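Once you have looked at the hints, place chain B on chain A.
The chain contents come next:
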Amino acid sequence: MSAPLLEIRDLSTHYVSARGTRVVRAVEDVALRLEAAETLGLVGESGSGKTTLALSILRLLPPAARIVRGEIRFEGADLLTKSNAEMRRIRGKRIAMILQDPMASLNPLFTIGDQVAEPIRVHEGTGRRAAWGKAGDLLRAVRIASPETRLTEYPHQMSGGMRQRIVGAIAISCGPRLLIADEPTTSLDLTIQAQYLSLLRDLQRAHRLAMIFITHNLGIVARMCDVVAVMYAGRIVESGAVREIFNAPAHPYTRALLESIPRLGDAQERLAAIDGQPPDPAALPAGCAFHPRCPKAMDRCRDADPPPFTVASGHSARCWLWDS
Amino acid sequence: MNTSRSASLTLSGRFAALRLSGVPLIPMAILAALVLIALFADVLAPHDPEVGTLGDRFRPPAWLMGGSDKHLLGTDHLGRDVLSRLILGARVSVVVGFTAVIVAGILGTGLGILAGYLGGWVDQVIMRITDTWLALPALTFAIFLAAIVGPSEMNIVIILGAVYWTRYARVIRGEVLSIKERDFVRLAVVAGCSKRTIMRRHVLPNVVNSAVVLATLMLGVVIVTEAALSFLGVGVPPPKPAWGLMLADGKKGLMAGYWWLTVLPGACIMLMVLAANLLGDWLRVKLDPQLRQL
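Sequences listed follow chains A and B, in order.
25 is the number that this note's numbering gives to position 25 of the first sequence; each next residue is one higher, with no gaps.
288 is the number that this note's numbering gives to position 288 of the second sequence; each next residue is one higher, with no gaps.
Chain B extracted, bound-state conformation:
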């Protein structure tokens, strides 16, 4: 334990420590699988997800009565293959989820560092904006923005980034407040470094840990929000397959017993969010110096 703790301070040592102490296998596997599926979606999908045969509407999954090997997970109300749509939907979720988290992360971390390090009116302005942002319910705010800019994948990323950067700004600012009192920052001041150099070379590397942990935890939130936006019709525009969109389409068939149209995309969303949260929790404990001391 002792050796892994001291080694975990160096970058290469940190990865070694991560390897040693049991990466949570299940969430890692789920996320890795989803990323791979997203990457190779075109190859994996057995049918065109956007074109259906109306004669094959509402086919149940293959193992049920009336199902066929042609559509393993059945078809929807337009006769489109559910499996293919799920596979390409994974691409939407992964791409939107990761890029939105990164956009929000860069924006929030940058502003958090500026607020924390510069203090004064910069801090006041940024933090008051953050307070205002946090006071608005995230989903309502996102719907509002989406209604203004209109639906597209690119716009969703921008909206999610604009809604969620405040979470980072809050946490990072707090970290920076304590880091800037550390002696190595003061030594850099005494050594004649400019504020920009100090923020870039001494503050930023010390908050990256927190930002990464936060990003992993935010991944789940962002994916759910994306699905919700798509479900409400202000997210990914049809006929593109997105899990939230599939839920919205499928709910009409729920009463008629076409459960696979809602349960399957719902399960996909749940799996991905669960995996992201489990991984985030584990990373938080792993990289938190306070918890690491225990």
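With the rest of the complex left out, here is chain A:
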């Protein structure tokens, strides 16, 4: 088997306060593999480190954050050893990102054409005219009607769904190998969400894009993703193929998450919820970070943090239950 497109090995990203007294372990000991054309769903509660992980890959962390150790191998090279100029050439060209609110991602003062053409001009040095031609093709690819006239219009003249598709067009404009989508549908209503997701799926197939899909919506994960990684308090507590995780969750946290989704035709009156609060990331409990809320906590869980155990091939969980 050849090397994967993206391989992350024991990556840790910490936020350090100005005096170095408080350390938040936002991402801790994360390992991930992603093949070309594969979609990874990254799920977890708010504050579990999903976005920090994504920003670590792009090396766009806020100044207080430090990548303390680990390796991020993308197309065979470690991104953490690249210079800033090299990273700029990778961002947008090899790795693209769609932000949480694509509605606000367009500059109100420039035409759609200028904005779709911008990455092409930055990365490929194409002239304005040629870049605009390519921008027209991209709009067609994201199913925008009469792209030639749309190119000369401004963002406020578009509907929300169209603006979002335009952001998608910008993301794929330079033919990236990896697309990171950080909750791209939270600001959309449901019907537009469904359209947008199927569009992303089609783009992915057409361009053999690998995708990291950050969300807390498990329904979207089931629809979009091939593999899932569940994050809790900065760690990936369980990862594996979508089918496997949805049918046989190995980690008590994943199980609790799945049980908290309402199902049609469910006779249950009350929705199952997870007891307790997510832990304070600056003061994580000793041992397994989930143990205070875990229904199956053992003595051992209080003392030591579990390493990832293999549940099945390609399916692992950080839980002492699987230590055998």
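Derived from the structure by calculation, the hints contain no laboratory data.
Be aware that one or more of the hints could be misleading.
What the hints assert, rightly or not - In silico DSSO-like links for lysine-lysine, alpha-carbon gap of 27 angstroms or less: (1) B:Lys-70 - B:Lys-286; (2) A:Lys-82 - A:Lys-93; (3) A:Lys-134 - A:Lys-93; (4) B:Lys-195 - B:Lys-180; (5) A:Lys-93 - B:Lys-195; (6) B:Lys-195 - A:Lys-82; (7) B:Lys-70 - B:Lys-252; (8) B:Lys-240 - B:Lys-251; (9) B:Lys-180 - A:Lys-82; (10) A:Lys-93 - B:Lys-180; (11) B:Lys-240 - B:Lys-70; (12) A:Lys-134 - B:Lys-195; (13) B:Lys-252 - B:Lys-240; (14) B:Lys-286 - B:Lys-180.
All values reported here derive from a predicted model rather than from experimental measurement.
Chain B in isolation, oriented as in the chain A frame:
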């Protein structure tokens, strides 16, 4: 209202919206007239403003006793034609006013964007300089600088630019701080744009509005400062006709009843400053997105 609001976001639409909603006619007319007078001053002036006939000293305006059609607004203590001097003085005020505002604007906007976008020590250095600058009284500071470099029109522009750029830097930096958190700037970062590209293509166009409004409001301040410098003898060097200089010359004649030597240039200064301020206030309301929402 709804259509003009959405249309006002595009550039061409913005001008359309300006046209629609009643440009304040009086200030616009005053400023336009002054600019035209400044442009065609040579043609309009009936006499040479720098040469007088001593025999015709202190002639009152034409409609008063002793006035003549030859000097519509009278003559000064050297027998120079007041009307001609006012007309050429308009050129000084307009040229110095506009260029100084632009010089200060470019300097202040540029530094404001750098401070706001780059942050860190660049921000600290620029903003501490700005604080120091703002702590000094503008006029005293200008006189101090003028005393060092000596009087000339060119020097006044440089001095006024050096004194007033901080006003822009302050406001623009604040704007940039909020713009750089907007998602389109972050998208540009994610898309691999360099800081320079982002500042030029995404930040600058979004602060131009504020800079223009500020420039219009600063026009009045700058013109008054220029007049004050000339009045104090560190501005436009005589015998060039500048309104502030005319005031200074005329004040000697005030007690003797030669009121036209001070009232007329004073009125000119007041008209121009008033027009600039009214226009600036209107533009501020017009282009401020927050107020526009109302």
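Quick rundown of the hints versus the structure:
1. Under the criterion of a C-alpha separation no larger than 27 angstroms, the hint pairing Lys-70 (chain B) with Lys-286 (chain B) is inconsistent with the structure, at around 45 angstroms.
2. This hinted pair checks out: Lys-82 (chain A) and Lys-93 (chain A) have alpha carbons roughly 15 angstroms apart, not beyond 27 angstroms.
3. Using a Cα cut-off of 27 angstroms, the hinted pair Lys-134 (chain A) and Lys-93 (chain A) holds, with the two alpha carbons roughly 15 angstroms apart.
4. Distance check on the hinted pair: Lys-195 (chain B) and Lys-180 (chain B) sit about 11 angstroms apart at the alpha-carbon level, within 27 angstroms; holds.
5. Note on Lys-93 (chain A) and Lys-195 (chain B): the hinted pairing holds, with a Cα-Cα distance of about 17 angstroms set against a maximum of 27 angstroms.
6. Proposed proximity of Lys-195 (chain B) and Lys-82 (chain A) is supported: the alpha carbons are some 18 angstroms apart, at most 27 angstroms.
7. For the proposed pair Lys-70 (chain B) and Lys-252 (chain B), the alpha carbon gap of about 24 angstroms is at most 27 angstroms, so the pair holds.
8. Distance hint between Lys-240 (chain B) and Lys-251 (chain B) is fulfilled; the C-alpha atoms sit about 17 angstroms from each other, no more than 27 angstroms.
9. A threshold of 27 angstroms between alpha carbons decides the hint, and for Lys-180 (chain B) with Lys-82 (chain A) the separation of about 25 angstroms falls inside it, so the pair holds.
10. Distance hint between Lys-93 (chain A) and Lys-180 (chain B) is fulfilled; the C-alpha atoms sit about 22 angstroms from each other, no more than 27 angstroms.
11. A threshold of 27 angstroms between alpha carbons decides the hint, and for Lys-240 (chain B) with Lys-70 (chain B) the separation of about 21 angstroms falls inside it, so the pair holds.
12. This hinted pair checks out: Lys-134 (chain A) and Lys-195 (chain B) have alpha carbons roughly 25 angstroms apart, not beyond 27 angstroms.
13. Restraint check for Lys-252 (chain B) and Lys-240 (chain B): satisfied, since their Cα atoms lie roughly 18 angstroms apart, inside the 27 angstroms limit.
14. Simply put, Lys-286 (chain B) and Lys-180 (chain B) have alpha-carbon atoms about 23 angstroms apart, close enough for the 27 angstroms limit, and the pair holds.
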